[in-house]
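Please construct the entire structure, taking both the sequences and the accompanying hints into account.
As a plain string of letters, each chain reads:
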Amino acid sequence: MNSRTFYNEILNDHNLHPGHKHDLAEANRELEGVNPSCGDDIRLKLRVENGVIKDGAFQGSGCAVSQASADMMLDLVIGKSREEALRLSEIFRKMIQKQAGEEEMELLEEASVLQDIAHMPARVKCAVLSWHTLEEMLKE
Amino acid sequence: MKETEKSNSWRKDFPLLNRDNLIYLDNAATAQKPECVLKAEMDFYTKFNANPLRGFYELAMEATDSYEDARRTVQKFLNARFPEEIIFTRNTTESLNLAAYSYGLSSLSKDDEIVVTIMEHHSNLLPWQMAAAKTGATLRFLECEKDGSISRKQLKEVIGERTKIVAVTHVSNVLGTKTPVEEIVKIAHENEAVVILDAAQSVAHMPVDVQKLNVDFLAFSGHKLYGPIGIGVLYGKKELLEKMPPFLTGGEMIQSVHRESAVFAPLPHKFEAGTVNAAGAAGLAAAIRYIDSIGFDAIEKQEQKLTALAMEELKKIPGISVLGSDKPEEHCGILTFTIEGVHPHDVSAILDSDGIAVRAGHHCAQPLFEYLEIPSATRVSLAFYNTEREVHALAESLGNVRRRMGYEQ
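Residue numbers (the working numbering), protein chains in the order written: chain A, 702 to 841; chain B, 5 to 413.
Derived by calculation from the structure, the hints in this document are not laboratory data.
Possibly wrong hints are sitting among the right ones.
Just a few of them, taken from the derived set where beta-carbon distance is under 7 Å, the chain B residues facing chain A [unchecked claim]:
#1 H193
#2 N195
#3 V267
#4 A269
#5 H273
#6 D350
#7 R408
#8 G410
Keep in mind it's a predicted model, so treat the numbers as computed, not measured.
The beta carbon of each residue, even a glycine, is placed where N, CA and C say it ideally should be.
Dropping the structure here:
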């Protein structure tokens, strides 16, 4: 093996058995995120009430990294305030750039399994797609 | 296994193939370069470097000779009638753009039709979309069967008296299928249309004779033919090239220039504006001589053997479907496949972790993927320097992909 592989049990499990990959009828925010060059496509739906993400779900298709990342992200941000979610997103981006400290990474829980993606620049956008989409939705 | 390595004595000619832990199976994207090509490029800069076609001193004339020798080597390789039918460009894309901007825009009008196949690489589709948009001509598609073949019925239905240009690929970069060029040329010429052949994916794998095929234009890239990146070729029939307006204008493509007008240089320089890639041309000529020294018989035999083995091995792996024909001889070394439940980017990342380089995605042929109703796929493309041992390593790695992605098997 000449490079690290990041396909571990946690990532595979979120890819094959995502807990949040479904429709969300009561969503009040919705946005599609696309990586045109590789075809990753995520439609993220959120129910945000009084500045808190009460529920969230995604649909779409793409590589295991993009799909698992979306699922792990929703695990983390459901129940969090808008500000807390944006803070996590910032930490996730820092982790991808190898700039996050250990304490910060702990806050990312399972999403920290994607830290090795930093070694594969071509796949970074797959990991960041759902977080980027989330940021766009919460900025409004 | 040792037997295989011994029989493939060509590997030692390619310095990059000495790299540890690399099984290079992305040859349809770009091929590796033999030492003689690298040396030819180096020689140009160490022995002949001056601006070709300009200076009147000895060094500049040697630079010009080296460049024009390269043109004659390409002429012989394609069996073109005249050296001035060979135009050097950067790559296939630039060659096809030259054809579209110069021939296309000057010959097309509103009621005309341009015919392409559904298998085109974007480089032989976007220039024609542009030409259609600018002239009002209509773009029409030859659709293929699941195995990549195009029926005679399709050809007769789509190519007709309104057709002015038929721009088709010689070999699909996704399916590996060879298009029926002889038949296309016959029907196109009966309708007084010209045929532009995208030979990017064929020239490295089979003899291509422009007079025998009787195509009007042909484009290829040096880098897929074991030559350097940055040098390409457009062949055109002299009588057509002579009537065409220049594509790019500027230095070295002129005979005389006045304040408000210019007289353009004769062929081929009319189409080679600016300082040319003379080192690249020398490298390409070296690549052609290298291929000649091996011969297409040996190249085809080795690639055929490897393709047949790879197909047989891939068929044994549950969940893999190979696109295109069932017959290895109809793949030109290209095997594009899907693995059930695993995204091609994940397939390629897993193969990469085992040191195997393949391509994943839509392979610059999105309309074909839409037509086949497949989002994307993984592509293995073989060259004569690959070995049976490498194919077995590929099969072993692919056999583990589903398990490594968390499936039971």
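Going down the list of hints, with the structure as the test:
1. H193: violated (39 Å)
2. N195: This interface hint is violated because 38 Å lies over the 7 Å limit.
3. V267: Cβ of V267/B sits 45 Å from chain A, so the hint is violated.
4. A269: violated (40 Å)
5. H273: For H273/B, the interface hint is violated, since the closest Cβ of chain A sits about 38 Å away, which is over 7 Å.
6. D350: holds (5 Å)
7. R408: The hint holds - R408/B has a Cβ within 7 Å of chain A, the shortest such distance being about 6 Å.
8. G410: Cβ of G410/B sits 3 Å from chain A, so the hint holds.
Of the numbered hints listed earlier, those contradicted by the structure are 1, 2, 3, 4 and 5.
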